[in-house]
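Asker: Sequence:
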Amino acid sequence: MTPILQRVPEQQNQNVKYQSDAPTLDKIVKLDMLLKEDAESIAKIWTQYHADKDGISAFILPMPRETGLEFYFLQFQSHQCYITSLLEYKSKGEKARPFLTITHFPELLEKKGIVLMKGNINDNPKRMLSTGNAQFLAFALQRFYASDDQPYISDSFFSFRFMTTTPRVLTGTQNNMSSYNAVKEKGFDITSGKFGNAIFHPHSVVQSVHDVTSKHFDCILVTLKAIPEAYNVADIIAPVVTDNNTIIALIQNGLDVEKPIFDRFPDNPIISIVAYISVSQNELGKITMQGKESLLVGKYSKSKAESKDILKFIEHLRKGGVSVEVTDDIEKVRWQKLFWNASFSSVCTMTGMTTTEVLANKEASELVKSIMHDVITVANAEGYDFNHKEQIEAFMARTQASTKHYKPSMQLDKERGNPMEIEVILGAPLKRAQARRLSVPRLDMMYSICSAANQHILNKISKI
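Per the numbering used here: the sequence shown = residues 205 to 668.
Watch out, some of these pointers could steer you wrong.
Stated by the list, open to error - Pairs of lysine-lysine residues, derived as DSSO-like cross-links and limited to a Cα-Cα distance of at most 27 Å, are as follows:
| # | residue 1 | residue 2 |
| --- | --- | --- |
| 1 | K536 | K573 |
| 2 | K608 | K398 |
| 3 | K506 | K635 |
| 4 | K490 | K608 |
| 5 | K541 | K496 |
| 6 | K593 | K541 |
Since the hints were derived computationally from the structure, they do not count as laboratory data.
Construct all of the structure, not just a fragment, from the sequences and the given hints.
Answerer: See the structure below:
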């Protein structure tokens with residue numbers, strides 16, 4: 205996509221009316237010819253078309269102020285972005301001085317999948333741009349044009365295994381244009397010690413469920429992060445749930461993730477899945493799996509799902525070589541994973557420590573144990589009989605023996621400025637404790653801290 209902002213003659217500018225009379229693309233280029241080209245060729249044609257026009261590659265970003273919004277003018281030239289106040293640009297035109305210069309260094313992109321960025325605050329008039337303001341603009345630039353959200357990593361892996369046994373697999377990239385383009389053109393480049401290396405091309409890739417053309421799906425596999433403060437998963441998948449026979453399978457962390465789906469689709473079979481897998485994406489579309497994987501699959505207690513629905517679903521995964529076990533009590537499995545997630549994930553996230561550093565720090569490791577104790581207390585009040593001492597010792601020992609300096613996904617989300625799964629990991633067990641009037645002070649404290657941090661992230665995103 206190559207946006208071009210062309211200058212409008214002064215006389216014409218005075219007569220502009222905000223109506224729907226803007227020219228359509230077919231008035232500028234031969235649209236029927238462009239439709240025959242791929243995205244990369246279209247971008248080159250569009251850029252070449254404007255090469256001899258009086259135009260500039262420019263954008264506008266809003267900066268929240270106490271009395272409203274102040275707009276900043278962004279102009280791109282090669283690997284640099286020059287940012288100045290829109291008022292400054294309007295009054296001085298090409299002589300306007302940039303308040304902030306952001307330089308991208310792409311030398312490591314091809315081999316390491318990373319682009320380094322450096323921002324320099326220039327001698328702007330009256331120090332109109334503070335360090336905090338500059339950081340906000342850099343953050344906004346990243347969110348708009350260099351987002352590295354990775355919501356579909358586990359979806360891409362399990363879709364890859366489905367592909368070996370099912371007729372058709374469709375993958376969504378959740379409105380991320382960079383991810384969509386990469387996967388659409390090149391597929392997923394998957395590296396796995398267990399399954400080997402392969403290029404996975406789904407039968408179809410869409411950017412949004414609204415782009416789906418199929419009328420029926422046997423199964424919808426949901427791997428979105430469960431963040432009810434930001435979106436409702438049921439609303440997202442609604443356009444493709446066209447009948448009551450479609451199986452809805454959820455691979456998500458936390459408690460009560462099935463409830464919004466059941467409330468919306470009470471007659472559909474709902475399968476709940478807990479996944480243990482280590483996958484990462486260091487470059488767009490390049491998925492690396494470390495170690496082995498394990499899926500625990502069960503029926504959501506209120507769902508009308510039958511044994512045949514579960515067997516139908518896991519048959520494809522097993523044929524694809526995935527380690528799958530069926531459980532009669534998926535909620536118990538969710539509680540057990542929550543013992544680790546609610547404690548280690550939250551403490552690592554708020555302290556900035558890795559799991560190895562937490563274990564080596566007396567205060568941090570004791571806090572982990574205290575939170576884990578609280579969560580186990582709630583689980584037992586819900587009808588289970590977990591031994592506090594055995595569970596805590598087992599999880600501490602398992603973490604000690606696992607990957608060194610591991611960062612939980614919650615911690616990575618915070619570092620990337622992405623919303624975190626706070627409600628389903630900390631909020632849900634806390635609400636159950638409050639309903640039973642249980643005292644869980646450490647869980648309560650950690651939920652409050654993490655919830656405040658998460659709201660701060662959500663507020664930043666909402667202002668962009």
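Asker: Decide, hint by hint, whether the structure agrees.
Answerer: Status of the hints after comparison with the structure:
1. In summary, the hint linking K536 to K573 is supported, as the alpha carbons are separated by about 20 Å, within the 27 Å threshold.
2. Between K608 and K398, the direct Cα distance comes to roughly 21 Å. Compliance with the 27 Å bound is thereby established for this hinted pair.
3. In summary, the hint linking K506 to K635 is supported, as the alpha carbons are separated by about 20 Å, within the 27 Å threshold.
4. A distance of roughly 23 Å separates the Cα atoms of K490 and K608; the hinted pair therefore holds under the 27 Å criterion.
5. Under the criterion of a C-alpha separation no larger than 27 Å, the hint pairing K541 with K496 is consistent with the structure, at around 17 Å.
6. Note on K593 and K541: the hinted pairing holds, with a Cα-Cα distance of about 16 Å set against a maximum of 27 Å.
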